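Sequence lines, in order, name chains A and B. Quick note, the first sequence lines up with residues 1 to 465 if you use my numbering. Quick note, the second sequence lines up with residues 1 to 465 if you use my numbering.
There could be a bad hint or two in this list.
The list makes no distinction among identical chains, and a pair is therefore deemed to hold if it is satisfied within one copy or across any two copies.
[Stated by the list, open to error] Listed next, the in silico DSS-like pairs over lysine-lysine satisfying Cα-Cα at most 30 Å (straight line):
no.: 1; residue 1: Lys-359; residue 2: Lys-219
no.: 2; residue 1: Lys-359; residue 2: Lys-222
no.: 3; residue 1: Lys-364; residue 2: Lys-219
no.: 4; residue 1: Lys-78; residue 2: Lys-280
no.: 5; residue 1: Lys-252; residue 2: Lys-71
no.: 6; residue 1: Lys-362; residue 2: Lys-304
no.: 7; residue 1: Lys-222; residue 2: Lys-362
no.: 8; residue 1: Lys-264; residue 2: Lys-280
no.: 9; residue 1: Lys-286; residue 2: Lys-142
No lab work stands behind these hints, which were simulated from the structure alone. These numbers come from a predicted model, not from an experiment.
2 protein chains.
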Amino acid sequence: MSGEDAPAQQQNDVDQKQETKPAEEPKTEPPKTESPPAGAAEAAATPEKVPEEETFTYRALVLTGYGGYDKVKLQVKKGKPALKAGEVLVRVKACGLNFADLMARQGLYDRLPSPPVTPGMECSGVVEAVGEEVTDRKVGDKVMVLNRFGLWQEVAVVPASHTFLIPEGMSFEEAAALPVNYITAYMMLFDFGNLRPNQSVLVHAAAGGVGIAATQLCKTVKDVTVFGTASASKHETISEGGVTHPIDYRTKDYVEEVRKISPKGLDIILDSLGGSDTHKAYNLLKPMGKLITYGSANMLAGQKKNLLAVAKNWYHQFSIHTLSLIQGNKSVCGFHLGYLDGEMELISQAMNSILSLYKEGKIKPRIDSTWHLEQVGDAMRKMQERNNIGKVILTTEPMPEEEKKEEPKKEDKKEDKKKDDKKKDDKKKDDGKKEEKKDDKKKEEPKKEEKKEEEKKEEVKKEEK
Amino acid sequence: MSGEDAPAQQQNDVDQKQETKPAEEPKTEPPKTESPPAGAAEAAATPEKVPEEETFTYRALVLTGYGGYDKVKLQVKKGKPALKAGEVLVRVKACGLNFADLMARQGLYDRLPSPPVTPGMECSGVVEAVGEEVTDRKVGDKVMVLNRFGLWQEVAVVPASHTFLIPEGMSFEEAAALPVNYITAYMMLFDFGNLRPNQSVLVHAAAGGVGIAATQLCKTVKDVTVFGTASASKHETISEGGVTHPIDYRTKDYVEEVRKISPKGLDIILDSLGGSDTHKAYNLLKPMGKLITYGSANMLAGQKKNLLAVAKNWYHQFSIHTLSLIQGNKSVCGFHLGYLDGEMELISQAMNSILSLYKEGKIKPRIDSTWHLEQVGDAMRKMQERNNIGKVILTTEPMPEEEKKEEPKKEDKKEDKKKDDKKKDDKKKDDGKKEEKKDDKKKEEPKKEEKKEEEKKEEVKKEEK
């Protein structure tokens, strides 16, 4: 979230580049790469580097190159990061996963410096040290953090202005689930969208992180009708969450479904899909309607960059002439929190409103599942394959030894998906007990997820070092 | 303002098409066209037409073809228009001129049916008759009217829902100046723009009707900074009206001027110019900024359609990709009240808020000048040549005989413009006495305007019939 453009991180110029990477720490150990000779060469290139405190080590996830889920590796780093004025050191408890992280892994997100780099735009934790000139944070403060990247690790150094105090009663998981999704939904609905009573809103991927946040925020305004797309198995959950009209986009034409209920169209459309869906959204707007596009989920097809999907998205990219806007009395807006660098004042305003709503009990992040750092590949897969309802969270809690040794079963993918959906239904029923049971679930649930055996093996091998 | 698409008006299908032209009345007399034989043929085509009341006559301005100022002719019509359910008959007192009327005269505005047709989107007057099912208006009510066209005449029939009661203390001139400009400015600033305290707004043509309305509305919000473009001679007036930073667009680059004061750019830009200025506006937006484009004033160059200006405007027409919007966190909106057909609920909401602000003394339409129907050409010229500060109004009061006979002096155009600017300055100083002096001014002022002798002669000739 710093205003500077952090350049690609290079192994052999760690010292020089450190200043431009607020959430990065000195690399005292080269990351494990697939080719050991290269790693050795890099290590040799930084012989003069001496860590601040030899004994200080912490684990960090590192994107080692663009590609599949296995490109994010768990590494151990040495040396306590130094604090500059205005910064705080946070002992990270939980991290949020976002679509931008998935795009970044494929090399489709230009706000992340080139690999190797630690991803992660949001986390929660405890302030462990404060730099000079920091007056509003102290050691022991529970905070949530928003940053451009670098938060998927046990220890993160960030500007104090990028931290927000966690309110009473909010868990670390919730706090890690809140910043990106709720600020995004809030600014889209209440700044660009100017949402008012009696209006109608279409939320794509209504069971996703932003979708659930947007739905909850819509319900804070009187008589707002929410149309939400999601696969059928998620409809009960999103209806309970506030979606007035759930639409199964896999079996039905959502444009037709909306027109049946709201022939004149909609006041606000939150478009996370991009490509040809943006065109559909535009045509679905009422006069004075606002289309807010905030993603290109259509570009993500498969683990690795799918050139066809990317090209298709570009080909269908929505472009609008002012004459059409004038004659339609329409508004087209683009939003992405990752590009809102340096606008911490706007972000803080939104966050204050969001935290007030939380304290009033009007919004509450919904956690889909929590994963150990070692399981980041599976966590990303769950999100990318749209098997989540709510937020996918990483915890920095160490993974019990018995779980690590256990080899995941290779299961039929489709069958597993069905199981997964079923499991969600079960889970939903005892949502009330969720808070108490979280620890058990964390250890149990991820094991059921489908995995590719070879990937998992590779991951375990690397992270054990 | 009806929801239906009124087709081009044809002389020989008046009866059939009448239903789709809410503000038009039966043509009982063919309009005076340049070619008498055609007129005779048209008259022969409607022999069965019998006026409701033979004795009822009224004057109407009629656009007889696309072109210069002389294309709008004053004609006398016979027969009292019949009222359908839900309609009222208004005895018109004053009419507002709008940019869309100027575009329409050149054939550049597709919301006006083909000539011959009576233009005019707003007027004020007194209800003289009410149709069946009208419950909220009665004979004698003073109203302002908003309609798609057809209001530049002494008598207009409109749906009651298109009328708004004139509040206590508001003159007919003010009431005719209010609807289009204030609703446009209000919806742009408070619906699309979502204007909030401490924001910055750029208003192009800040001395024009919408410009003055927008400035006044900006000042109803705490600590809003208004940048306004206008020629230097108008700066004092617009500053007094609320513009924080007046910018002379004729001698300075407004983009540079804005950047000097607000390096990060602006929150809201109201773009009435179109073409290449829309590009400039887009680049001047802050993150979360809103560009609201609502006109193509750049297209109007000269009296008649200027194909080069139109082509240039098209060539430079702004087109935006969603990726740029996303990366910039920007919003681009288009607004035109003329295309907001059938959205009377939205319009009424805006109007109610506007009238409340008027009653609180927070806004007040500024009248630039008032002209007789016979002088519509000069009134249009004044507006098109940007010599007005505030609203140009037509009055239906009969023009005194002595004024009609007086031949206007042919003066040097440039010199006259200077005089005009000077006169404005003088006028501004005794703004307080304006209300009382209006009647005098009305008869005196227009005579000073520059006129092309030949045009004037032609106009007088036609309108006397």
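Here's how the hints hold up against the structure:
1. Lys-359 <-> Lys-219: within (15 Å within a copy, 34 Å between copies)
2. Lys-359 <-> Lys-222: both (19 Å within a copy, 28 Å between copies)
3. Lys-364 <-> Lys-219: Within one copy only: 12 Å inside a chain, 38 Å across chains, cut-off 30 Å.
4. Lys-78 <-> Lys-280: For Lys-78 and Lys-280, the Cα distance exceeds 30 Å both inside one copy (51 Å) and across copies (50 Å).
5. Lys-252 <-> Lys-71: Neither, since 36 Å and 54 Å both go past 30 Å.
6. Lys-362 <-> Lys-304: neither (38 Å within a copy, 59 Å between copies)
7. Lys-222 <-> Lys-362: both (13 Å within a copy, 29 Å between copies)
8. Lys-264 <-> Lys-280: Result: close within a single copy only, 14 Å intra versus 34 Å inter.
9. Lys-286 <-> Lys-142: neither (44 Å within a copy, 33 Å between copies)
Hints 4, 5, 6, 9, counting from the list given before, are not met by this structure.
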